[in-house]
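Protein chains in written order, with the UniProt record's numbering: chain A, 1 to 796; chain B, 1 to 339.
Derived from the structure by calculation, the hints contain no laboratory data. Among the hints, a few may not be true.
Unchecked claim - No more than 30 angstroms apart at the CA atoms, straight line, and that leaves these computed lysine-lysine pairs for DSSO-like:
1. B/K244 with A/K24
2. A/K529 with B/K234
3. A/K31 with A/K103
4. B/K234 with A/K31
5. A/K494 with A/K6
6. A/K31 with B/K107
7. B/K103 with B/K80
8. A/K494 with B/K319
9. A/K755 with A/K716
10. A/K305 with A/K287
11. A/K538 with B/K107
12. A/K128 with A/K9
Unchecked claim - Short, incomplete list of chain B residues facing chain A, as computed with Cβ under 8 angstroms:
13. G105
14. M124
15. M155
16. A202
17. P206
18. K218
19. M287
20. L327
21. F329
It should be emphasised that the depicted structure is a prediction, and the values quoted were computed from it without experimental measurement. Every residue gets a Cβ at the ideal spot worked out from N, C-alpha and C, and that includes glycine.
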Amino acid sequence: MLVPVKWLKEYVNIQLPTKELADKMTMSGSKVETIEAFGEGIEGVVIGKIEGILPHPNADKLVICKVNIGEEMLQIVTGASNIKEGDYVPVAIDGARLAGNLKIKKGKLRGEVSEGMLCSQDEMGIAKGLISEENKDGIWVLEQEYPLGADFMEVINFKDEVIEFEITSNRPDCLSMVGIAREAAATLGEKIEYPHIRVNGIEEKASDKAKVIIEDTEGCLRYVARLIKNVEIKESPQWMQQRLIKAGVRPINNIVDITNYVMLEYGQPLHAFDLDKISGDTIIIKKSKEGEKFKTLDGVERTLKATMTMIADKDKNLAIAGVMGGEESEVTKATKNILLESASFDNDNTRNTSKLLGLRTEASTRFSKGVDSNLALTAANRVCQLIEMLEIGEVLRDAIDVYPNKKENRQLCIRPNRINELLGTNIEVGEMIKILESLEIEANLIEGKLQATVPTYRDDLQLEADFAEEIGRIYGFDVIPATMARGNIVVGGKTNGEAFEDKTKQLLNAMGFNEVLSYSFVSPKTVDKIKVDSNSIKRNFVKLLNPLGDETSVMRTGLLPNLLEIISRNQNRNNHDFRGFELGKIFIPKGENQLPFELPQLAIGVYGEAEDFFTLKGAVEGLLKGSGIDDFEFEAEKNHPTYHPGRCANLFIGGNVAGTLGEIHPEVMNNYSLDKKSYCAELDFSILLALARVDRSYKPLPKYPAITRDFAVVLKEEIYVKDIEKIIRDNGGSILESFRLFDIYRGNQISEDHKSVAYTLTYRHSQRTLTDEDVNKVQDRILKKIEDELGGSLRD
Amino acid sequence: MEAKLKSLEASAKSEIDKAITSDELEKARVKYLGKKGELTEVLRGMGSLSPEERPIVGKVANEVRASIEASLQAAKENIKGKELQQKLKSETIDVTMPGKQFKIGKKHPLTQGMDELKDIFIGMGFKVVEGPEVDTVYYNFDALNSPKNHPSRDMSDTFYITEDILLRCHTSTVQIRTMEKLKPPIRIISPGRCFRNDTPDATHSPMFYQLEGLVVDKGITLGDLKGTLEVFVKHFFGGHTKIKFRPHNFPFTEPSAEVDASCFKCSGEGCSVCKGSGWIELLGCGMVHPNVLSNCGIDPEVYSGFAFGMGIDRLIMNKYEIDDIRLLFENDIRFLNQF
Numbered sequence: 001m002l003v004p005v006k007w008l009k010e011y012v013n014i015q016l017p018t019k020e021l022a023d024k025m026t027m028s029g030s031k032v033e034t035i036e037a038f039g040e041g042i043e044g045v046v047i048g049k050i051e052g053i054l055p056h057p058n059a060d061k062l063v064i065c066k067v068n069i070g071e072e073m074l075q076i077v078t079g080a081s082n083i084k085e086g087d088y089v090p091v092a093i094d095g096a097r098l099a100g101n102l103k104i105k106k107g108k109l110r111g112e113v114s115e116g117m118l119c120s121q122d123e124m125g126i127a128k129g130l131i132s133e134e135n136k137d138g139i140w141v142l143e144q145e146y147p148l149g150a151d152f153m154e155v156i157n158f159k160d161e162v163i164e165f166e167i168t169s170n171r172p173d174c175l176s177m178v179g180i181a182r183e184a185a186a187t188l189g190e191k192i193e194y195p196h197i198r199v200n201g202i203e204e205k206a207s208d209k210a211k212v213i214i215e216d217t218e219g220c221l222r223y224v225a226r227l228i229k230n231v232e233i234k235e236s237p238q239w240m241q242q243r244l245i246k247a248g249v250r251p252i253n254n255i256v257d258i259t260n261y262v263m264l265e266y267g268q269p270l271h272a273f274d275l276d277k278i279s280g281d282t283i284i285i286k287k288s289k290e291g292e293k294f295k296t297l298d299g300v301e302r303t304l305k306a307t308m309t310m311i312a313d314k315d316k317n318l319a320i321a322g323v324m325g326g327e328e329s330e331v332t333k334a335t336k337n338i339l340l341e342s343a344s345f346d347n348d349n350t351r352n353t354s355k356l357l358g359l360r361t362e363a364s365t366r367f368s369k370g371v372d373s374n375l376a377l378t379a380a381n382r383v384c385q386l387i388e389m390l391e392i393g394e395v396l397r398d399a400i401d402v403y404p405n406k407k408e409n410r411q412l413c414i415r416p417n418r419i420n421e422l423l424g425t426n427i428e429v430g431e432m433i434k435i436l437e438s439l440e441i442e443a444n445l446i447e448g449k450l451q452a453t454v455p456t457y458r459d460d461l462q463l464e465a466d467f468a469e470e471i472g473r474i475y476g477f478d479v480i481p482a483t484m485a486r487g488n489i490v491v492g493g494k495t496n497g498e499a500f501e502d503k504t505k506q507l508l509n510a511m512g513f514n515e516v517l518s519y520s521f522v523s524p525k526t527v528d529k530i531k532v533d534s535n536s537i538k539r540n541f542v543k544l545l546n547p548l549g550d551e552t553s554v555m556r557t558g559l560l561p562n563l564l565e566i567i568s569r570n571q572n573r574n575n576h577d578f579r580g581f582e583l584g585k586i587f588i589p590k591g592e593n594q595l596p597f598e599l600p601q602l603a604i605g606v607y608g609e610a611e612d613f614f615t616l617k618g619a620v621e622g623l624l625k626g627s628g629i630d631d632f633e634f635e636a637e638k639n640h641p642t643y644h645p646g647r648c649a650n651l652f653i654g655g656n657v658a659g660t661l662g663e664i665h666p667e668v669m670n671n672y673s674l675d676k677k678s679y680c681a682e683l684d685f686s687i688l689l690a691l692a693r694v695d696r697s698y699k700p701l702p703k704y705p706a707i708t709r710d711f712a713v714v715l716k717e718e719i720y721v722k723d724i725e726k727i728i729r730d731n732g733g734s735i736l737e738s739f740r741l742f743d744i745y746r747g748n749q750i751s752e753d754h755k756s757v758a759y760t761l762t763y764r765h766s767q768r769t770l771t772d773e774d775v776n777k778v779q780d781r782i783l784k785k786i787e788d789e790l791g792g793s794l795r796d
Numbered sequence: 001m002e003a004k005l006k007s008l009e010a011s012a013k014s015e016i017d018k019a020i021t022s023d024e025l026e027k028a029r030v031k032y033l034g035k036k037g038e039l040t041e042v043l044r045g046m047g048s049l050s051p052e053e054r055p056i057v058g059k060v061a062n063e064v065r066a067s068i069e070a071s072l073q074a075a076k077e078n079i080k081g082k083e084l085q086q087k088l089k090s091e092t093i094d095v096t097m098p099g100k101q102f103k104i105g106k107k108h109p110l111t112q113g114m115d116e117l118k119d120i121f122i123g124m125g126f127k128v129v130e131g132p133e134v135d136t137v138y139y140n141f142d143a144l145n146s147p148k149n150h151p152s153r154d155m156s157d158t159f160y161i162t163e164d165i166l167l168r169c170h171t172s173t174v175q176i177r178t179m180e181k182l183k184p185p186i187r188i189i190s191p192g193r194c195f196r197n198d199t200p201d202a203t204h205s206p207m208f209y210q211l212e213g214l215v216v217d218k219g220i221t222l223g224d225l226k227g228t229l230e231v232f233v234k235h236f237f238g239g240h241t242k243i244k245f246r247p248h249n250f251p252f253t254e255p256s257a258e259v260d261a262s263c264f265k266c267s268g269e270g271c272s273v274c275k276g277s278g279w280i281e282l283l284g285c286g287m288v289h290p291n292v293l294s295n296c297g298i299d300p301e302v303y304s305g306f307a308f309g310m311g312i313d314r315l316i317m318n319k320y321e322i323d324d325i326r327l328l329f330e331n332d333i334r335f336l337n338q339f
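Next up, chain A with everything else stripped away, as it sits in the complex (with noise of 0.2 angstroms):
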């Protein structure tokens, strides 16, 4: 909502600086967006009328005029041809200023003296889309005499301010000048003055003339109807015009300048009609037929639906109420006659017209936020004295007020008491009903609490609790003491899980991994790119009804596409090593209008000139050792699709799958464009959760020596060492502390297919030094079984 300051003070006595009031206005609950000074920057204008016009001796498209700006004649050479003599014009004589810092100099233009310019609106500052047809093209033409000499911006009352409010949808109030001026006057302390409306009116009388019926009277909950004779459509006067453009609207003729002007003025839409255009004389609004054409006045011809309220006469539409007005009837030059329409529209219905034509018009967005049903005759009334009071046309005496159910002020009984309770305030009865007062909400103290009687332009208050706020924000949301909650006992922190969640992006952090976060959306076709079984639940997606493009249309199954994403950004932009994982949640339908399942996933991912299958294992032993958890084993996994098949495990924890983690399949690296190999491991973290065990208990450190011990077998290539451990393990009885696999020969000494693993193990006891017979048993015990189950031999 667009401001102009100087028309503000029009209904408020406002003495501030603008800016001084805009703070105020702000924290009083209408919050200022900007404010704009307009004409800042113009100097050296002054108002000229043109005396004479002669051709220029040396240019077919430039004219000389004689100027006359009160003590001097000036010659200005210009190439406008919008002018004649006679012709009241805006002069920047030398040295003026105009918009975009433009400076004015006297000169010669093609070897004649021009001593100033002549100026057009857009010099002058004017937005273009501001600018009136008139005087698009050419000097800006003032529409009567003006002072010659006086300064420009003086004279139009050019200069202002013009104060941006955002009106929150409580408020659709306030989306006109009086609504402004009230909460001003609410917040500064003063009265507002309303416009003192008089209709003089000449002898007949609408009624005559005219009915109106209202059949939809859902749609339509009143219809105020006046008429007016002999109008002349012409421009309208400077200082409306100049309201009209500050308060960001465009002026095109009187008649609607003035609805307009109305609109901006009490909020209410307005419509003329050309009554010559109407036949017989019953204006009727009721519901459209389904499927019937009209064609609006921006001549676009629409398909009318059934829900949809129309304006109509005897024989056929007039406008979509609310919404626009129809070709057919629309006020031309030409209009004579006019019928004035000041209506109250249903706002859901025309909200719902409004979407489904796909148009969104100021009056049915104001309609749609709510218009206050008894300011349809004021704001009718408002229109026919200013168009007395310019003298454009003849009032009818009467208006035609069509009103089935008036809109009554609400009364409502607030406990003081209550209120300071909301607000941790001590507020005096007697200044609350000082603050509702101010906002022209009468309240008297009856028994202790308030009857207030609610104007019904405020929809929005219903409840003791809007009243905390009413009361609150003209008292000051600055000057409530700002206080800590007291009462019960209440004992903050974490859940478990987000504390097991913290714990386990320390450990990734401690291993050099960075956190990553991407979407919970992605496009289909990425379980396509990691090559996921054609029958995978992986496939099943959660799908958005109205996604922003295929890109982000379902919910992720998994969380590895989107890693391999930003893997491949890394890669695509030279980034040389990356070590990243993700800890999110991943989406699988439940049943039909259930919520999906939720389910937190880990993906971790690697690559780098010195990462390799292993730095990703080590990554997840770490994170599941650091996380208490020792009841895992990793499995090869030959035919998961997404990665490289020798080059893929499982991995188990207690049994269970917990995870897949391997090198990226180079069919894959392929859809994502990776060119250096990649590795990623996806985990379930519910089970992490379920398994980790935060809580430990002390060992004491050992008190004996340990002894260590070193082999090598020879064995056959696919043995894995995963069996040597598990015998290892088996077989090592209460004194092998740890083992350590250190070297894996293949070459020089070792037939073909074999390897030679090497272990340290360490021993020692709890209770008392080993010896070595102690040790030789068990290392000779493990050996043996190495030999008789896995086929090895022991190297010398």
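Fit chain B to the known structure of chain A by using the hints.
Relative to the frame of chain A, chain B by itself:
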């Protein structure tokens, strides 16, 4: 004999003085004091002396021995010191060479921000709770007193899965879910992902993060809301930060307010971060609407509460002066490493 001893002493000392290394010194020691050393040889010859001479020569011999030993000891220490100096010198490195590179992983800047926020509110007794990203129209709109025709319900604003199921457009859903489950006193925060039908550009993202807060108990006031948020702002942005509590309108709170903080960058003078206004819009908040309490089976006549919700992405972008929200979800490693 005495003369011989004296000359031995002199030659031993001269040799000790000449020794530069520990080895040379050891050679000198063996030469004079070793089992076959010259002094030892001389002393062995003592037996041939007369009983009168023996004590006198013996005394001199002992003095010579002590003197040589003292010289040896002094020289030893001297050489040890020199050798240490030599060793240290030879071990000198170019300390300006680069250190070994460790890979340090970091949490995503949004997580870091969320952690900071959680810590602040946990310190004030708030529990962290979570809610689903896919939720019902009831939890996202109806129960929150959102009018049936509110524009945020439009398909052009909110992503739908079915007519009744959607991607939550704010974390306020968790208010309802919490109040349905817990009895007052309630004091929770809930961070999480939200979704809105916005085409991504520098300032919009179809997915973003919010943090919701909710307090319900007997006697909770708007003043308490102000106090709580003041503590938060001073923690997060610093003790000098001022806050502005502006009346506003939300369907689920009444009274409602928006909170601005004085710009942490320019302290209110106006800069690029606050777009010249000196203030940064932080969050929306208010007293829980009585209809919302009733919808959750909490009697608004007995209890009152406040709620607030803030965009975490915006907070983080302001704090680190990140000018494009898309950077947060691109996950370029060079970006992530900066935080």
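Hint check:
At roughly 12 angstroms between alpha-carbon atoms, B/K244 and A/K24 fall within 30 angstroms of each other, so this suggested pair holds. A C-alpha spacing of about 48 angstroms is found between A/K529 and B/K234, which places the hinted pair above 30 angstroms, so the restraint is violated. Straight-line distance between C-alpha atoms of A/K31 and A/K103 comes to about 36 angstroms, which puts the hinted pair past the 30 angstroms bound. For the hint linking B/K234 to A/K31, the alpha-carbon distance of about 24 angstroms falls within 30 angstroms, and the restraint holds.
The straight-line distance between the Cα atoms of A/K494 and A/K6 is roughly 56 angstroms, outside the 30 angstroms bound, and the hint therefore fails. For a cut-off of 30 angstroms, the pair hint linking A/K31 to B/K107 is broken: about 37 angstroms separates their Cα positions. At roughly 42 angstroms between alpha-carbon atoms, B/K103 and B/K80 are farther apart than 30 angstroms, so this suggested pair is violated. For the proposed pair A/K494 and B/K319, the alpha carbon gap of about 24 angstroms is at most 30 angstroms, so the pair holds.
A C-alpha spacing of about 6 angstroms is found between A/K755 and A/K716, which places the hinted pair at or below 30 angstroms, so the restraint holds. With a C-alpha separation of about 9 angstroms, the suggested pair A/K305 and A/K287 falls inside the 30 angstroms cut-off, and the hint holds. The hinted pair formed by A/K538 and B/K107 meets the criterion: a straight-line CA distance of about 28 angstroms does not exceed 30 angstroms. The hinted pair formed by A/K128 and A/K9 meets the criterion: a straight-line CA distance of about 27 angstroms does not exceed 30 angstroms.
Because the closest C-beta pair between B/G105 and chain A is about 4 angstroms apart, less than 8 angstroms, the hint holds. For B/M124, the suggested interface contact is upheld, since its CB lies about 7 angstroms from the closest CB of chain A, less than 8 angstroms. The restraint placing B/M155 at the interface with chain A holds, with a minimum CB-CB distance near 4 angstroms, inside the 8 angstroms limit. For B/A202, the interface hint is violated, since its Cβ never comes within 8 angstroms of a Cβ in chain A; the closest pair sits about 16 angstroms apart.
With a least beta-carbon distance of about 6 angstroms to chain A, the hint placing B/P206 at the interface is held under the 8 angstroms criterion. Hint status for B/K218 relative to chain A: holds, with the closest Cβ pair at about 6 angstroms, below 8 angstroms. Residue-level restraint check for B/M287 holds (minimum Cβ-Cβ distance to chain A is 6 angstroms; threshold 8 angstroms). Interface hint at B/L327: violated, since its Cβ lies 11 angstroms from the closest Cβ of chain A, which is beyond the 8 angstroms cut-off.
For the restraint placing B/F329 at the interface with chain A, the shortest Cβ-Cβ distance is roughly 6 angstroms, inside the 8 angstroms limit, so the hint holds.
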